[in-house]
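Make the full structure from the sequences, and use the hints.
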Amino acid sequence: MSDDVAIRVRGLRKAYGDNVAVADLDLDVRRGEVFALLGPNGAGKTTTVEILEGYRHRDAGEVKVLGTDPDPAFGSRRRGSQAHSSRFPGDPTPEWRGRVGIVLQGTGEFDELTVAEVVHHFAGFYPGADDPDKVIERVGLAAKARARTHTLSGGQKRRLDVALGIIGRPELLFLDEPTTGFDPEARREFWELIRDLSAAGTTIVLTTHYLDEAEALADRVGVIAGGRLVEVAAPDRLGNRQEALATVSWRTPEGRVESAESGTPTALVTELAARFGGEVPGLTVTRPTLEDIYLSMIGHR
Amino acid sequence: MTTTTKPATPVTAPTVRRLGPTSLALRQGRLEIRQFLRSRESVVFTLGFPIIMVLIFASIFDGEVGSGVSYTQYFITGMIASGLMTVSFQNLGIWIPIERDRGVLKRYRGTPMPKWVWFAGKVIMVLVIGVVMTALLLAVSVALFDLDLPSTATGWLTFGWVSALGITACTLCGIAISSLARTARSGSAVVTPVALVLQFISGVFFVFTNLPPWMQQVAALFPLKWMCQGLRAVFLPESFGANEPGGSFELTRVALVLGAWCVIGLVLCLTTFRWTTRRDG
Chain A
1 MSDDVAIRVR
11 GLRKAYGDNV
21 AVADLDLDVR
31 RGEVFALLGP
41 NGAGKTTTVE
51 ILEGYRHRDA
61 GEVKVLGTDP
71 DPAFGSRRRG
81 SQAHSSRFPG
91 DPTPEWRGRV
101 GIVLQGTGEF
111 DELTVAEVVH
121 HFAGFYPGAD
131 DPDKVIERVG
141 LAAKARARTH
151 TLSGGQKRRL
161 DVALGIIGRP
171 ELLFLDEPTT
181 GFDPEARREF
191 WELIRDLSAA
201 GTTIVLTTHY
211 LDEAEALADR
221 VGVIAGGRLV
231 EVAAPDRLGN
241 RQEALATVSW
251 RTPEGRVESA
261 ESGTPTALVT
271 ELAARFGGEV
281 PGLTVTRPTL
291 EDIYLSMIGH
301 R
Chain B
302 MTTTTKPATP
312 VTAPTVRRLG
322 PTSLALRQGR
332 LEIRQFLRSR
342 ESVVFTLGFP
352 IIMVLIFASI
362 FDGEVGSGVS
372 YTQYFITGMI
382 ASGLMTVSFQ
392 NLGIWIPIER
402 DRGVLKRYRG
412 TPMPKWVWFA
422 GKVIMVLVIG
432 VVMTALLLAV
442 SVALFDLDLP
452 STATGWLTFG
462 WVSALGITAC
472 TLCGIAISSL
482 ARTARSGSAV
492 VTPVALVLQF
502 ISGVFFVFTN
512 LPPWMQQVAA
522 LFPLKWMCQG
532 LRAVFLPESF
542 GANEPGGSFE
552 LTRVALVLGA
562 WCVIGLVLCL
572 TTFRWTTRRD
582 G
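Protein sequences, first through last, are from chains A and B.
This note's numbering applies: residue 1 is where the first sequence begins, and numbers increase by one.
This note's numbering applies: residue 302 is where the second sequence begins, and numbers increase by one.
These are computed hints drawn from the structure, not numbers from a lab.
Using N, Cα and C, we set each Cβ at its ideal position, and we do this for glycine too.
List of simulated lysine-lysine pairs, DSSO-like, C-alpha gap at most 27 Å:
| # | chain 1 | residue 1 | chain 2 | residue 2 |
| --- | --- | --- | --- | --- |
| 1 | B | Lys407 | A | Lys157 |
| 2 | B | Lys416 | A | Lys64 |
| 3 | A | Lys144 | A | Lys134 |
| 4 | A | Lys157 | A | Lys134 |
| 5 | B | Lys407 | A | Lys64 |
| 6 | A | Lys157 | A | Lys144 |
| 7 | A | Lys134 | B | Lys407 |
| 8 | A | Lys144 | B | Lys407 |
| 9 | B | Lys416 | A | Lys157 |
Pairwise CB distance ranges (calculated):
| # | chain 1 | residue 1 | chain 2 | residue 2 | range |
| --- | --- | --- | --- | --- | --- |
| 10 | A | Thr180 | B | Arg341 | 27 to 35 Å |
| 11 | A | Arg30 | B | Gly349 | 53 to 61 Å |
| 12 | B | Phe362 | A | Gly106 | 45 to 53 Å |
| 13 | B | Ala440 | A | Ala200 | 53 to 61 Å |
| 14 | B | Arg335 | A | Asp4 | 37 to 45 Å |
| 15 | B | Val433 | A | His150 | 24 to 32 Å |
Here it is as C-alpha cells:
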C-alpha cells in the first residue's frame with residue numbers, strides 16, 4: 001500500500017439482519033485531502049464511517065485505514081467461531097487509535113466536568129498529545145475553558161468534540177455530521193476550523209447531508225445512496241456538472257415559453273438575438289445546480 | 302550549500318510522554334471521584350442515604366436484640382453492608398447506563414486508552430467513596446449512638462477483608478447488571494428493586510433470624526446476607542454467633558460465598574459488558 005493513501009476500501013458490506021446498510025462499497029481517500037461522504041439519512045454514511053473508525057464490524061470486504069485493518073480480528077472471525085465474534089470483538093491497537101481522531105455524531109457528555117478538565121484528561125491518553133490549552137483556544141472555547149460542559153451551547157459542545165478529536169494530533173480525522181443543528185454563522189466558523197486543520201496537513205473525512213458544506217470544504221465528494229457509492233468527484237465536477245448541457249429558455253412572440261438544451265448556449269443566444277432583432281424576451285441560461293445533480297443521483301428525480 | 306534542508310522545528314513541539322499504567326489508572330480514578338462528588342444526586346443518595354438511615358433507625362429503636370447487644374450495634378452492621386452495596390452495585394448499575402447512553406463510553410473507546418483503565422477508574426472511585434462512607438457511618442454511630450468499635454486487630458482485619466470482598470463482588474455485579482438497562486433511565490429501575498429486596502431479606506432492616514426461614518434461604522444465595530453476617534462477626538460479641546442460622550458467624554462460608562460472587566460477577570462482566578447501546582450496534 002502506498003504512503004499517499006489514507007483509506008482504502010474494497011467491496012465493503014454490512015447488513016443488519018435483512019437490511020443491507022452498505023453494499024459492495026469501494027473507497028479511496030488520499031492523505032491530506034478533505035473527503036466528504038454526502039448522502040441522505042439512512043444511506044449508510046455512519047455505518048461506513050464507524051467501520052472505518054473501528055467501532056463496527058463488517059460482514060465482508062477489505063478495509064485499510066492508515067495501512068491497518070481497523071478490525072484486526074476480521075480475518076479470524078471469517079474463518080469461523082461466529083458465536084464468539086460479537087462478544088470478543090477485535091479492537092484496533094492503541095497505537096492506531098492514537099493516529100486517528102474521531103468526532104462522533106452523538107456527543108458523549110461529561111456533565112460535571114469543565115471544558116479544560118475534559119481536554120486535559122483526554123490529552124493524557126495520547127503519547128504525542130497537543131497542548132490542551134492551545135487546542136481549546138484553537139477551537140474557540142478559550143472563554144469557556146472553566147465552564148461545566150453541560151452549560152455549553154450546541155455549537156460549543158461540537159467544538160469540544162472537535163477539541164477531543166484533535167487533541168492527539170491525528171493524521172486522520174473523522175467528522176460525522178459535524179454541523180447538524182448549527183446556525184449559519186456557527187457553521188461558517190466551524191468550516192474555518194476544518195480548513196485550518198486541513199491546511200495543517202490533517203486528512204479529513206466528513207459525512208454530511210448538506211450540499212453546501214461538501215462544496216465548501218471537500219476536495220472530493222463521494223455520494224452515497226442505498227449503501228453504495230454512486231459517484232466520487234470534485235464538487236464542481238460531480239455528475240459531470242461542467243459538461244452538462246445548458247438550458248436556454250425564452251418567450252416566443254405568442255407568449256409561450258420555449259427552451260432548448262445546448263452544448264453551445266452562446267451560439268444559440270446569438271442566433272436568438274438575431275431572430276428577435278435585439279433583446280430576447282424572458283431569456284434565461286441555466287446549468288444544473290449541485291442540488292439538481294445530487295437529487296437525481298440519490299434517485300429523487 | 303547542502304542540498305538537503307531539514308524541515309524546521311515544528312512550532313509546537315509534541316510532548317512525547319506516555320503515561321504509565323499506574324498514573325493512567327489513578328488519574329481516571331481521580332476524574333471519576335471528581336464527577337461523583339460534583340453530582341449532587343450521587344452525594345446525597347449514595348453517600349448520604351446510609352447515614353440518614355442510621356440516624357433514623359438508631360433514633361427510633363433503642364432496645365436490645367438480645368444477649369446484651371443493642372439494636373444500634375446490630376443495625377449498624379447491616380447499614381455498613383448495604384452502604385457498601387450502594388456505593389458499588391447501585392452506584393455503578395445506575396450511572397454506567399447513563400454514561401453508555403450519553404456516548405461517554407463510546408468516546409473513551411475511540412481513544413488509545415486501554416480498556417482496563419476505565420474499569421480501574423470506576424473501582425478506585427468505588428473504593429474511595431466506600432471507605433469515606435464507612436468512616437462517616439462509624440463516626441456518626443460512635444458519636445451519637447455509642448457504637449463499640451472492634452477492639453482487636455483480628456476484628457479490624459475481618460472488617461477489612463469482609464468489606465473488601467463484599468465491595469468487590471458488588472462492584473463486579475454492578476458493572477454486569479449495567480448491561481441489562483437499555484436506556485439511561487432504566488438503570489435505576491433495574492437496580493433499585495434488586496437492592497431494596499436484598500436489603501429487606503438479608504437482615505439490614507430486620508434481625509435476620511426473625512425472618513421466615515425460606516426468606517433466609519433465598520437471601521443466603523446473594524452476597525448482602527453474607528456481608529452483613531461477616532460484619533456482625535466484627536461488631537457483635539463472639540457469643541452472639543450462636544444466634545446465627547448456622548450456629549456461628551461462619552466466616553469461612555462468608556469468604557467462600559463472596560468469593561464465588563466475585564467470580565460470577567467477573568464472568569458476567571467479561572461476557573456481557575457493552576460499550577455502546579443496543580441501537581448503536
